[in-house]
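**Q** Spelled out, the chains give:
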Amino acid sequence: MTNSRKNRLKDKGFEYLGVACSLFGLVVLAIFIGDILADGLSRIDWDFLKSLPSRKPEKAGIFTAWTGSLWILVFTTIIAFPLAVSAGIYLEEYGGNGRWSSLLEVNISNLAGVPSIIYGLLGLEIFVRIFKMGNSVLAGAFALALLILPIIIVATREAIRTVPPSIRAASYALGATKWQTIWNQVLPASMGGIFTGVILAISRAVGETAPLIIVGALAYVPFAPSSPMDEFTVMPIQIFNWVSRPQHGFTVNAAAAIIILLLITFVMNGIAVYLRNKWQKKINW
Amino acid sequence: MDNHILESKSVNVYYDDMHALKNISMKVEANSVTALIGPSGCGKSTFLRVFNRMNDYIEAFRMDGEVLMEGKNIYHKKMQVDELRKSIGMVFQKPNPFPKSIFENVAYGLKIQGIKDKEFIQNRVEKSLQQAALWDEVKSDLNKSALALSGGQQQRLCIARALAVEPRVLLMDEPTSALDPISTAKVEELINELKQNYTIVIVTHNMQQASRLSDYTAFFYMGDLIEFGKTEEIFRNPKVERTQNYITGRFG
Numbered sequence: 001m002t003n004s005r006k007n008r009l010k011d012k013g014f015e016y017l018g019v020a021c022s023l024f025g026l027v028v029l030a031i032f033i034g035d036i037l038a039d040g041l042s043r044i045d046w047d048f049l050k051s052l053p054s055r056k057p058e059k060a061g062i063f064t065a066w067t068g069s070l071w072i073l074v075f076t077t078i079i080a081f082p083l084a085v086s087a088g089i090y091l092e093e094y095g096g097n098g099r100w101s102s103l104l105e106v107n108i109s110n111l112a113g114v115p116s117i118i119y120g121l122l123g124l125e126i127f128v129r130i131f132k133m134g135n136s137v138l139a140g141a142f143a144l145a146l147l148i149l150p151i152i153i154v155a156t157r158e159a160i161r162t163v164p165p166s167i168r169a170a171s172y173a174l175g176a177t178k179w180q181t182i183w184n185q186v187l188p189a190s191m192g193g194i195f196t197g198v199i200l201a202i203s204r205a206v207g208e209t210a211p212l213i214i215v216g217a218l219a220y221v222p223f224a225p226s227s228p229m230d231e232f233t234v235m236p237i238q239i240f241n242w243v244s245r246p247q248h249g250f251t252v253n254a255a256a257a258i259i260i261l262l263l264i265t266f267v268m269n270g271i272a273v274y275l276r277n278k279w280q281k282k283i284n285w
Numbered sequence: 001m002d003n004h005i006l007e008s009k010s011v012n013v014y015y016d017d018m019h020a021l022k023n024i025s026m027k028v029e030a031n032s033v034t035a036l037i038g039p040s041g042c043g044k045s046t047f048l049r050v051f052n053r054m055n056d057y058i059e060a061f062r063m064d065g066e067v068l069m070e071g072k073n074i075y076h077k078k079m080q081v082d083e084l085r086k087s088i089g090m091v092f093q094k095p096n097p098f099p100k101s102i103f104e105n106v107a108y109g110l111k112i113q114g115i116k117d118k119e120f121i122q123n124r125v126e127k128s129l130q131q132a133a134l135w136d137e138v139k140s141d142l143n144k145s146a147l148a149l150s151g152g153q154q155q156r157l158c159i160a161r162a163l164a165v166e167p168r169v170l171l172m173d174e175p176t177s178a179l180d181p182i183s184t185a186k187v188e189e190l191i192n193e194l195k196q197n198y199t200i201v202i203v204t205h206n207m208q209q210a211s212r213l214s215d216y217t218a219f220f221y222m223g224d225l226i227e228f229g230k231t232e233e234i235f236r237n238p239k240v241e242r243t244q245n246y247i248t249g250r251f252g
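Chains A and B are the protein sequences, given in the same order.
If you use the numbering used here, the first sequence corresponds to residues 1 to 285, in order.
If you use the numbering used here, the second sequence corresponds to residues 1 to 252, in order.
Hints are supplied without guarantee of correctness; some may be wrong.
[Said to hold, decoys possible] Result set (DSBU-like, lysine-lysine): computed pairs, CA atoms no more than 35 Å apart in a straight line:
{"id": "1", "chain 1": "B", "residue 1": "K22", "chain 2": "A", "residue 2": "K178"}
{"id": "2", "chain 1": "B", "residue 1": "K100", "chain 2": "A", "residue 2": "K178"}
{"id": "3", "chain 1": "A", "residue 1": "K278", "chain 2": "B", "residue 2": "K100"}
{"id": "4", "chain 1": "B", "residue 1": "K86", "chain 2": "B", "residue 2": "K22"}
{"id": "5", "chain 1": "A", "residue 1": "K278", "chain 2": "B", "residue 2": "K116"}
{"id": "6", "chain 1": "B", "residue 1": "K100", "chain 2": "B", "residue 2": "K127"}
{"id": "7", "chain 1": "B", "residue 1": "K72", "chain 2": "B", "residue 2": "K127"}
{"id": "8", "chain 1": "B", "residue 1": "K144", "chain 2": "B", "residue 2": "K77"}
{"id": "9", "chain 1": "B", "residue 1": "K86", "chain 2": "A", "residue 2": "K178"}
{"id": "10", "chain 1": "B", "residue 1": "K9", "chain 2": "B", "residue 2": "K86"}
{"id": "11", "chain 1": "B", "residue 1": "K139", "chain 2": "A", "residue 2": "K178"}
{"id": "12", "chain 1": "B", "residue 1": "K72", "chain 2": "B", "residue 2": "K22"}
{"id": "13", "chain 1": "A", "residue 1": "K178", "chain 2": "B", "residue 2": "K230"}
{"id": "14", "chain 1": "B", "residue 1": "K127", "chain 2": "A", "residue 2": "K178"}
{"id": "15", "chain 1": "A", "residue 1": "K178", "chain 2": "B", "residue 2": "K144"}
{"id": "16", "chain 1": "A", "residue 1": "K178", "chain 2": "B", "residue 2": "K94"}
{"id": "17", "chain 1": "A", "residue 1": "K278", "chain 2": "B", "residue 2": "K118"}
{"id": "18", "chain 1": "B", "residue 1": "K78", "chain 2": "A", "residue 2": "K178"}
{"id": "19", "chain 1": "A", "residue 1": "K178", "chain 2": "B", "residue 2": "K195"}
{"id": "20", "chain 1": "A", "residue 1": "K178", "chain 2": "B", "residue 2": "K72"}
{"id": "21", "chain 1": "B", "residue 1": "K127", "chain 2": "A", "residue 2": "K278"}
{"id": "22", "chain 1": "B", "residue 1": "K94", "chain 2": "A", "residue 2": "K278"}
{"id": "23", "chain 1": "B", "residue 1": "K72", "chain 2": "B", "residue 2": "K116"}
{"id": "24", "chain 1": "A", "residue 1": "K178", "chain 2": "B", "residue 2": "K186"}
{"id": "25", "chain 1": "B", "residue 1": "K116", "chain 2": "A", "residue 2": "K178"}
{"id": "26", "chain 1": "B", "residue 1": "K144", "chain 2": "A", "residue 2": "K278"}
{"id": "27", "chain 1": "A", "residue 1": "K278", "chain 2": "B", "residue 2": "K9"}
{"id": "28", "chain 1": "B", "residue 1": "K111", "chain 2": "A", "residue 2": "K278"}
{"id": "29", "chain 1": "B", "residue 1": "K239", "chain 2": "A", "residue 2": "K178"}
{"id": "30", "chain 1": "A", "residue 1": "K178", "chain 2": "B", "residue 2": "K77"}
{"id": "31", "chain 1": "A", "residue 1": "K178", "chain 2": "B", "residue 2": "K27"}
{"id": "32", "chain 1": "B", "residue 1": "K144", "chain 2": "B", "residue 2": "K86"}
{"id": "33", "chain 1": "B", "residue 1": "K118", "chain 2": "B", "residue 2": "K186"}
{"id": "34", "chain 1": "B", "residue 1": "K72", "chain 2": "B", "residue 2": "K9"}
{"id": "35", "chain 1": "B", "residue 1": "K111", "chain 2": "A", "residue 2": "K178"}
[Claimed, not checked] Sample of chain A residues lacking proximity to chain B, with all beta carbon distances greater than 12 Å (derived):
{"id": "36", "residue": "R5"}
{"id": "37", "residue": "A38"}
{"id": "38", "residue": "R43"}
{"id": "39", "residue": "A87"}
{"id": "40", "residue": "I151"}
No wet-lab data here; the hints were simulated from the structure.
Positions of the beta carbon are idealized from the N, C-alpha and C atoms, including for glycine.
Whenever a hint applies, use it, and build me the whole structure from the sequences.
**A** Have a look at this one:
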């Protein structure tokens with residue numbers, strides 16, 4: 001075999017290896033989804049979405065779970081969005097390059113790497129006990145907001161960085177103050193990136209279980225929450241609870257709930273992609 | 001030259017250790033066009049930006065000396081930079097419209113001043129676009145994105161945007177270097193008209209442009225102001241050999 005033939009073979013070989021690696025995750029996901037669909041799809045109907053939990057698998061539904069997830073989601077976003085975006089703006093626009101801001105930066109990167117259960121413990125101590133929120137939606141939302149803060153901060157900073165300096169210069173040259181420039185030019189131009197980050201962050205929050213268990217989300221809640229101070233449960237906890245039951249009916253329920261949870265996550269990721277493309281098209285520097 | 005509006009007195013600019021402008025003293029005549037010429041890196045753009053304090057954003061920037069606008073030191077502690085920039089507008093080398101509608105671009109300077117009167121804004125936008133010779137081309141779609149305009153139109157939009165706040169002085173940093181010849185001609189024509197009401201300081205690499213447009217010319221070289229005077233004299237009988245060499249294209 002000549003050398004060049006060997007090289008071409010290696011080239012092809014690596015290409016196929018690359019394809020195999022790229023497919024690995026997707027194939028596993030496809031098998032998983034196929035299996036889940038086979039188990040749970042037939043279980044999904046309006047009653048499943050509208051029913052409260054029950055000891056009998058065929059009567060049990062995910063109403064408390066998905067409404068709980070929705071409450072958590074809304075409050076997590078309300079808490080995390082302004083905090084994280086403001087922090088991102090500060091670090092990018094006002095922070096400068098001093099020691100103080102590099103200290104902040106390093107710590108925010110560290111926060112992103114903290115295991116989620118630690119946030120649960122933090123939430124338990126601070127929000128549940130010190131601020132006496134109890135095992136409420138609000139306490140859970142605060143714990144999850146802490147968890148996703150670093151993600152949104154990083155996304156905000158990256159989005160702000162894509163606004164070209166010439167736009168800022170134009171605004172300053174017209175007599176705008178720094179804040180006017182940020183509010184009127186920088187933020188609108190970077191909103192696509194910021195929203196993308198927010199949606200990806202909350203779609204991660206939807207799937208979080210550990211911190212919420214610690215904060216006190218219950219496996220069994222008879223009623224859906226009607227205020228932020230109510231007890232709650234969320235989809236992943238409901239799923240976990242059902243999977244650990246011996247009866248086959250609950251396993252089917254779990255599969256059905258997983259389909260719904262995946263659907264929520266996919267839809268949110270889809271919205272994120274859509275927003276990003278839309279904004280990128282609109283602003284072509 | 002008694003009717004001057006801007007004056008620099010022994011201005012030195014440093015970027016870290018680099019001495020970018022050396023002891024520049026110069027007066028800018030009101031309602032005239034002053035051209036700043038010189039090879040790249042000679043300090044002319046830095047000098048232009050000294051007048052509206054746009055260098056303040058460069059971290060390594062340091063300056064001493066005085067810059068006066070109508071006798072007032074614009075680097076005085078009590079000087080409000082945003083106020084200063086309402087009377088000294090700027091047009092940049094590359095057209096930099098905001099990613100908003102044509103109307104919003106021109107109205108922006110008024111909006112940030114807190115002006116809410118819709119009719120007033122409407123009138124000022126129309127007037128500014130007319131002054132910038134863009135009105136006829138855009139009057140039917142003021143709500144169109146400014147980014148959809150051609151490069152030349154964008155630059156005239158940027159001029160309209162600067163004019164909308166009614167500045168006294170317009171600083172232009174190579175405003176035609178990114179434009180095609182037809183757009184360049186339009187912008188030059190515009191500058192000729194604008195000098196009736198405004199004082200214009202323009203940085204240019206184009207010798208013909210400097211001689212066509214300007215009343216006064218300042219030649220910079222390596223951070224020094226080599227020669228400054230009436231444009232006719234600078235171009236006909238430069239006193240310094242280096243000026244002569246530069247404007248005749250022997251170096252640059």
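**Q** Each hint needs a verdict: does it hold in this structure or not?
**A** Results of checking the hints against the structure:
no.	hint	result
1	B:K22 with A:K178	holds, 30 Å
2	B:K100 with A:K178	holds, 19 Å
3	A:K278 with B:K100	holds, 15 Å
4	B:K86 with B:K22	holds, 28 Å
5	A:K278 with B:K116	holds, 31 Å
6	B:K100 with B:K127	holds, 19 Å
7	B:K72 with B:K127	holds, 30 Å
8	B:K144 with B:K77	violated, 41 Å
9	B:K86 with A:K178	holds, 15 Å
10	B:K9 with B:K86	holds, 22 Å
11	B:K139 with A:K178	holds, 31 Å
12	B:K72 with B:K22	holds, 22 Å
13	A:K178 with B:K230	violated, 39 Å
14	B:K127 with A:K178	holds, 28 Å
15	A:K178 with B:K144	holds, 27 Å
16	A:K178 with B:K94	holds, 22 Å
17	A:K278 with B:K118	holds, 30 Å
18	B:K78 with A:K178	holds, 18 Å
19	A:K178 with B:K195	holds, 31 Å
20	A:K178 with B:K72	holds, 24 Å
21	B:K127 with A:K278	holds, 34 Å
22	B:K94 with A:K278	holds, 25 Å
23	B:K72 with B:K116	holds, 30 Å
24	A:K178 with B:K186	holds, 33 Å
25	B:K116 with A:K178	holds, 21 Å
26	B:K144 with A:K278	holds, 17 Å
27	A:K278 with B:K9	violated, 51 Å
28	B:K111 with A:K278	holds, 27 Å
29	B:K239 with A:K178	violated, 45 Å
30	A:K178 with B:K77	holds, 18 Å
31	A:K178 with B:K27	holds, 30 Å
32	B:K144 with B:K86	holds, 26 Å
33	B:K118 with B:K186	holds, 30 Å
34	B:K72 with B:K9	holds, 12 Å
35	B:K111 with A:K178	holds, 15 Å
36	R5	holds, 52 Å
37	A38	holds, 49 Å
38	R43	holds, 48 Å
39	A87	holds, 22 Å
40	I151	holds, 26 Å
Hints 8, 13, 27, 29 from the list above are not met by this structure, while the remaining hints are.
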